[in-house]
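Undergrad: Spelled out from the first residue to the last, the chains are:
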Amino acid sequence: MRITVTVNGDETTHEVEDRTLLVHYLRDVLGLTGTNVGCDTTSCGACTVLLDGESIKSCTVLAAQADGRSVTTIEGLGSAEEMHPMQKAFQQHHGLQCGFCTPGMVMASVSLLRENPKPSEEDVRAGLEGNICRCTGYHNIVKAVLAAAEDGGAK
Amino acid sequence: MIPSAFAYKRAGSSAQALELLAEHGEDAKLLAGGHSLLPLMKMRLAVPEVLIDVSGVADLSYVRDEGDAIAVGALTRHHDVNTDGLLGAEVPLLAHAAGHVGDPQVRHRGTIGGSLVHGDPASDLPAVVLALNASLVIQGASGTREVPASEFFTDFFETAVEPDELLTEIRIPKPVARGWDFQKFTRRAIDWAVVGVAVCGGNVALINMGATPMRATATEQALAGGASAADAAEKAADGTSPPDESVAGAPYRQHLARVLTRRALENAAARA
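So the protein sequences, as listed, match chains A and B. Quick note: the first sequence, position 33, residue 33 per this note's numbering, numbers continuous. Count along the second sequence from 1, then add 155; that gives the number in this note's numbering.
A portion of the hints provided could be inaccurate.
As the list claims (entries may be wrong) - Coverage of chain B stretches by chain A, computed from C-beta distances (three or more under 8 Å per stretch; other residues unrestricted):
| no. | region |
| --- | --- |
| 1 | 188-196 |
| 2 | 255-262 |
| 3 | 312-324 |
Don't read these hints as lab results, they were simulated from the structure. Don't be surprised by glycine CBs; every beta carbon is placed ideally from N, CA and C.
My request is simple: use the sequences and hints to build the entire structure.
TA: Right, dumping it as structure tokens:
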């Protein structure tokens, strides 16, 4: 089927198989490989992107379900020159170790702050329950999100 | 993992969904949030030939006070159930439990109706609607029928919804008892419950203690007879046949059912 999805502000239109998952549309069709596939079973959150501004796991959404909607990936959040406040906070607080979970963590954190701009530490930990860091680097991730909340990370 | 090939159809209304169901019969499955169905399809445990996407049927996402009942549209997402002000005030058990389904990303997609028709005895909301004495409104080609939650879950992953029908609404009769609680014991935060308990007033419902979500009848009878929470909770596992797996054996789950029921009853009493 033919789908049109606004990805990081740009309209994209492609012919895809009906069974194409959103994450494969992003990675394989559009070449946006910042979004990782981790567990592929809706558990780990590595593939988290924003669909109409809300966090979702793109391994469990059909590309067809994003037709006519807007997707933001880590590539659309900021650039190396101009990082998003959440990206800056992850960098400053060393909220990553191997980095594989980081794009998903950052996108989930942005969505979290949009819903709760002034979270407590407990809110952040609960809000990131859908994202697994296999290096177990949670402590600095939570610190980064709390710092970003102070610094306009909800944008 | 990629699902087996299927044809994707989009329904713009419940009437159109029913037409597509009539056309494709048992080869078709309805797709709402997809967070129960798509994982099964990726594992090839479900291989529908046609997917009918109803997630865009906007008039099935709502929460309304209808005087004698609170009505929740079947396509209301867990996130919206969790954060709805009316539900928070009138049916806090449902709003609270919806906030414990999966994780935030799952709750941004998954719907209350999708979770119920999936009929998974390990999922949270089936037990919640049992504890609330809710009824389920089912639409078919020949009209609409209302099924009490106690008759909705018929077997393992089986519900009263026929292949050519659509669940449209969940109705929670008022007044809802003030004393409620929800207990969910998991290995990791996002897991399904090893065992869970939903309490509303004198109603006690169990998650993952048999082929279907079920009421803890012996506990309810003991409570009605004036037993203490602790004594009534001792009967919570009576008549249950929970899964006996390496993750958790049946005796362990029965122990958990008694402990969690006691906690839930005590918390509910404190709230009442």
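Undergrad: Does each hint hold? Answer for all of them.
TA: Here is how each hint holds up against the structure:
1. Note: the region 188-196 of chain B has 4 residues with beta-carbon separation from chain A under 8 Å; the three-residue rule is met and the coverage holds.
2. For a cut-off of 8 Å, the count of residues in the region 255-262 of chain B with a CB near a CB of chain A stands at 5, and the three-residue condition holds.
3. For the region 312-324 of chain B, the stated coverage by chain A is not satisfied: 0 residues place a CB nearer than 8 Å to a CB of that chain, which falls below the threshold of 3.
Checked against the numbered hints above, the structure violates only hint 3.
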